[in-house]
Amino acid sequence: MTIEELEQLAISVRRDNAKFDYQVNVCMDLACASQGAGAIKEALDQAVAASGKNVLVRRTGCMGPCSHGPLVRVDPEKTLYRKLKSEHAEKIVGALGSKPVSELQCDLSEHFEGQVRVVLENAGYIDPSKIEDYIGRDGYKALLSMLTEMTPNGVIHRITESGLRGRGGGGYPTGLKWGTVAKAAGDTKFVVCNGDEGDPGAFMDRSVMEGDPHRVIEGMAIAGYAIGASKGYIYVRAEYPLAVSRLTAALRDARRVGLLGMNICNTTFNFDVEIRLGAGAFVCGEETALLASIEGRRGNPRTRPPYPASSGLWGKPTLINNVETYANIAPIIRNGGKWFHNMGSERSKGTKVFALTGKIANTGLVEVPMGISLKDIIEKIGGGVPGGHKLKAVQTGGPSGGCIPANMLDVGVSYDALLKMGSIMGSGGMIVMDDTSCMVNVARFFMEFCMTESCGKCVPCRAGTAQMHTLLTRIAEGHGSMEDLELLEDLCATVKEASLCGLGQTAPNPVLSTLKYFRAEYEEHIVHKRCPAGICKVSHVEEVTA
Amino acid sequence: MSPDSDVKTLTIDEREVSARAGQTVLDVARENEIPIPTLCHLEGLSDVGACRLCLVEIAGSPKLLPACVTTVQEGMQITTDSERLRKHRRTILEMLFAERNHVCSVCVANNHCELQSMAQSMGLTHIRLPYRNAAYDVDASHIRFTVDHNRCILCQRCIRVCAEIEGAHVWDIMNRGTNCLVITDLKDDWGASTCTSCGKCVEVCPTGALFNKARVGSPHPKKPEFLPYLNLMRNA
Chain B
1 MTIEELEQLA
11 ISVRRDNAKF
21 DYQVNVCMDL
31 ACASQGAGAI
41 KEALDQAVAA
51 SGKNVLVRRT
61 GCMGPCSHGP
71 LVRVDPEKTL
81 YRKLKSEHAE
91 KIVGALGSKP
101 VSELQCDLSE
111 HFEGQVRVVL
121 ENAGYIDPSK
131 IEDYIGRDGY
141 KALLSMLTEM
151 TPNGVIHRIT
161 ESGLRGRGGG
171 GYPTGLKWGT
181 VAKAAGDTKF
191 VVCNGDEGDP
201 GAFMDRSVME
211 GDPHRVIEGM
221 AIAGYAIGAS
231 KGYIYVRAEY
241 PLAVSRLTAA
251 LRDARRVGLL
261 GMNICNTTFN
271 FDVEIRLGAG
281 AFVCGEETAL
291 LASIEGRRGN
301 PRTRPPYPAS
311 SGLWGKPTLI
321 NNVETYANIA
331 PIIRNGGKWF
341 HNMGSERSKG
351 TKVFALTGKI
361 ANTGLVEVPM
371 GISLKDIIEK
381 IGGGVPGGHK
391 LKAVQTGGPS
401 GGCIPANMLD
411 VGVSYDALLK
421 MGSIMGSGGM
431 IVMDDTSCMV
441 NVARFFMEFC
451 MTESCGKCVP
461 CRAGTAQMHT
471 LLTRIAEGHG
481 SMEDLELLED
491 LCATVKEASL
501 CGLGQTAPNP
511 VLSTLKYFRA
521 EYEEHIVHKR
531 CPAGICKVSH
541 VEEVTA
Chain E
1 MSPDSDVKTL
11 TIDEREVSAR
21 AGQTVLDVAR
31 ENEIPIPTLC
41 HLEGLSDVGA
51 CRLCLVEIAG
61 SPKLLPACVT
71 TVQEGMQITT
81 DSERLRKHRR
91 TILEMLFAER
101 NHVCSVCVAN
111 NHCELQSMAQ
121 SMGLTHIRLP
131 YRNAAYDVDA
141 SHIRFTVDHN
151 RCILCQRCIR
161 VCAEIEGAHV
171 WDIMNRGTNC
181 LVITDLKDDW
191 GASTCTSCGK
201 CVEVCPTGAL
211 FNKARVGSPH
221 PKKPEFLPYL
231 NLMRNA
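Top to bottom, those sequences are chains B and E. Residues 1 to 546, numbered by our numbering, are exactly what the first sequence covers, in order. Residues 1 to 236, numbered by our numbering, are exactly what the second sequence covers, in order.
By construction, these hints were calculated from the structure, which means they are not laboratory data. Quick caveat, the model's predicted, so the values are computed rather than measured. Please note: incorrect hints may appear among the correct ones.
[As the list claims (entries may be wrong)] Straight-line alpha carbon distances no greater than 27 Å define the calculated DSS-like cross-link-like pairs of lysine-lysine that follow: (1) K183(B) x K8(E); (2) K420(B) x K8(E); (3) K63(E) x K375(B); (4) K316(B) x K231(B).
Just chain E, with the same shape it has in the complex (with noise of 0.2 Å):
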């Protein structure tokens, strides 16, 4: 039997559920339609188990183990929801409201950022931590685009969507811990950038952080759902 074709059974939330070895925890969930949140995850991206909310536990594992990256072993028993982890993902929602200034009611994403939508389907209703009120720089130089690091979650999906999609690797990461930023080039303005107007980065942005100037003042829904079919033309 071929690695490809060897079949592991597991139990998710005490449902036993089949998968391919080298799938991920969080594919045969979602196959399952077990929900699992995530943030940095977007299916046509690689993974990179940053942030951290698609925590779930093993069964004699005493860590806790990110969904995203996690591949399946045969007998794997998972719990993708429980008291603790709720706990830990509410905590890290927080984290991440109080780190920037994410201010929906001005937003240009809002009632279509997944970050809010995650806060309302967790019932996340204030923070408890102190806001850190930091301000961050917007870079509006690009004739099309803008990127407001002050509601950046530094997912790094346009990092990755720039890379291995559109091959252009024009967006980066520059500075350490808080003062992490998405950059563009070397840190050029966007607009003298590199950058070659693709507007996949906008797409696949959760938050307002990266946005079309077109679409200010109306409705802003982003549409990631291009990438699987992408992929999947590129493969064919």
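Extracted from the complex, chain B is given alone in its bound form (with noise of 0.2 Å):
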């Protein structure tokens, strides 16, 4: 395909859509289709045809808040319709033209307000098994165009200048990144997409492949250009069965249009991608386990350096970054770095998808710019504590990450500031609780989580994260000293700073930030045998079974 010929497609794919005089958007993403978003678009496919009225109904991926879902957006009028059953299709279809139906109504505006929507721009107005909505909506533009127009160094150029950092947590400069692998020596080199989202409460790599797949498609095609490479692997988790159709699906259609495979544009570049599921392991989201379950070996990490861009999959260089940083490649390409580098805050660029969920009015996804602070994700875009109870904290980054108090939200979010504070970015999830949480139980949670996890290659990771949650266990059940205080601290040190891949360096990162702000909370347990939140099952005697 050329980009005249793409042009044209889009072309023809708008004036398609504008012959209807309504779009009714439904959103099927996992939330809302496992609350019987299907049968709803089913009803409301049956009620335009009874109608007959000029309306297309369109499923569409993830639109954002989820705790509101089923949900169902009218375009052009942006109206936007709530916790829908199938019975409702015919009120709203009838409602087409005249005044919207108030009830089933429901106002976002500010939840939307304070978003600024790059990666997730096509959620929620593209159905995501059509390349023809994607193309019509600037689609494999920045592909083709860069095809014709830059040199593979123009790419990376472009890329560092927008100051694009790593979606997947660690925030590395995806510009310096792709570099190294373009300059690292060898004709064969990969591009790997790190689709194997593992955090508990984190689901935003999954919308993004779920609702939007050829972003992602596009996004590694640009890096294959730029690195020169030809063969792409996506890794994505067995657990996301949706993501894997809506991608294979996606792969099949971009090779039929000639936008993957041989001769792309007529040009010399050859790309193309394989999709590779992981078997359930947190730790194959490790750049190096990645690679080893790639090549179907034990999902181990193993010591860097060598780093994956010298020696990566069957040691040959490799890049490889997250779905999320491939997916803000195709804007950067199309809208310039320049414009990707005045969003967000000094050393953190653009913008970043947040998974928002615990105690929160609206759960789901948000995407907001870099700089914003917590307290306007929490209070504005989530919509607040819901219930009456009061913000205690926000867990960021997952198992690796940490909580933040309540009374340090204000801080803008960044790579370095929420470093800083004793968690990190990660990719993504956000939990927030309010005053029902026990800061002793959600470290407990995270340090089994990491237990259950480690893949039991090194010691400090395999043997100390079981030993920190069995004094996790003790003090949350009251039968803890302040000794075992202390001797949490002391592993905390050894796992931290003695463990072989990320996993382990950053599995005591939940205690040590619970610790440091909520220390009384640990004390309370301790002493005074309380849970102060009433999670904890204290009791005054230990039971000896053994």
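Make the complex out of the two chains shown on their own, each in a separate frame, by following the hints.
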């Protein structure tokens, strides 16, 4: 496909869409689909057919505020309906052209106003199973225009200029990584997309892969051109079957129209992507473990250096980025590095998608510019803590992150600010906790997660997390002593400094941060044998079973 | 100058030493008789950097790096012994002792155990951590050898020697975290596996996890020294 053909196709898609008086977009992402969005779409289809109105009913990816689902948005008015059932379909179709159905309507303007959508720009607007829908919204324009106008170095320069940093959690400058792989010696190189999203409470990457799969593929193809690779792998966890099927369909469609394969856009550039499934190990999100898993070996991390940039898949230079990082690439190529650079805070550019979960009104996905305060995300966009409870802390970065107390939430979101507070940006999970959450219990939960997900290769992570979990359980159950607390801190230091990979090195973070900000709660459990939040089953007598 | 003849100079514990490019910090330290504790490393096998006892401080790097897989660089300043390193090494040893059931007095490897002598050399007299007391299996199905998982420290030496030296790859690892087990074939009984009965894994095992049944009740020293010689002969 040439760029002219692509533009023609985009124009015809837009013209076809414009033929309809109304577009009824039904969110069919996992959260809405699990609440019957499929049946709602069918009912809407039937109601439209019966009414004789000129309406397009489209299934789309995630619209964001999942807790209000199933969601339907009617364009061009942008009327949003929440918590729909199939019996509402006739009412909604009947109301097209007159006043919207007020009892089903929801006003989330404050939720959407604070957001800036780059990664999620198509979410809720395209049918993820139709490549035409993506092309109609400037999809693959970046890839083809780049192939005809830019050199690989130019692409890397633009990415560097944008200031994009890795969205998987580490925040490594993307342009620098691309440049390193491009310079690495060797003819065969690989592009790998890390879609092994495993943090509890994180579903950003799933939504992108399910709702806008072509965006990831386009980002990877651009990366392939920039570093000189002709083969890419998307590593998706098998727990995301919908993402896998959407990606599979997307790859097939992209090959069909010639946007993947040999001589793309009549140039010498060849690129294709293969999907590899994870088998349920969290540690496979660690890059060296992920590469081992793609190669068909046990997903164990190895020591770095050598970094994948010089020796990755089968010993070849390999570029490995996260789903959200690749999802940012096409807009940067389209709009320029400066455009992206102008968004965000000083050292963290662009936007970040967060998955808001826990004790918050608007559970779901939000995309905000970097630098926005955590308070704004929670109070304004997230709608605050429901039920009259008091906000206590926010956990970011999953099991590798930490808990930030409510009085520190004025800080703007950036890689460095979160690190300074003892947490990390992570891939974007954000768990909101109120006064009914016990911080000792939270720490214990994450430690249990790390313990069961440790690959078992290095001693500090394997045995250390198990020890920490034992101590935390002891404290939570009221049998802990102040010496246990000291021992716990000792273990934190060793596990953090001596572990082989990121999983172990960051596993103590939930404990360290809760000890830093909520030490009184630990002491309450130990000294007064009391759980202030009433979560832990504290007993005065230790049961002896052995 | 070819890369092989490239010589690096560096300091280890304030001693100036020279090394060939590509050598590991551990190799160079041992050549110069600077002790660095190791459990998973064994001369003659590939390195995995799993036990984390050989961690050293390198000036300019905030992270501790494992000496067994870190290659020398010109001008490196390495510290192999410090309060911080000693503390981590002791804690790691304690973790190993508390993880499974290491009861030296009834162990076949008593007095010939690398874990035991490591603890002795570090002056480890007691364990602060709670013992996990988890029960692990014993597989005595092989006619000559037994694996007692209670004594296994998951150093992976058996796996490596079987795959890299014997070429049989009978041993591998299953499960995650503290549930990890070294297994023969796809967790078949050792006696029913494709094991060639060469006994190399028993000789390289640092503890009493793998032992020769015939040696129960008598001293059971392990002899992993055959490895460097074997490698030398193979490459000759």
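Each hint tested on the structure:
For the given pair, K183(B) sits about 25 Å from K8(E) by alpha-carbon distance, which is consistent with the 27 Å threshold. Restraint check for K420(B) and K8(E): the C-alpha separation of about 38 Å exceeds 27 Å, so the hint is violated. Taken as a hint, the K63(E) and K375(B) pair is broken in the structure, with Cα atoms around 33 Å apart against an allowance of 27 Å. The hinted pair formed by K316(B) and K231(B) meets the criterion: a straight-line CA distance of about 12 Å does not exceed 27 Å.
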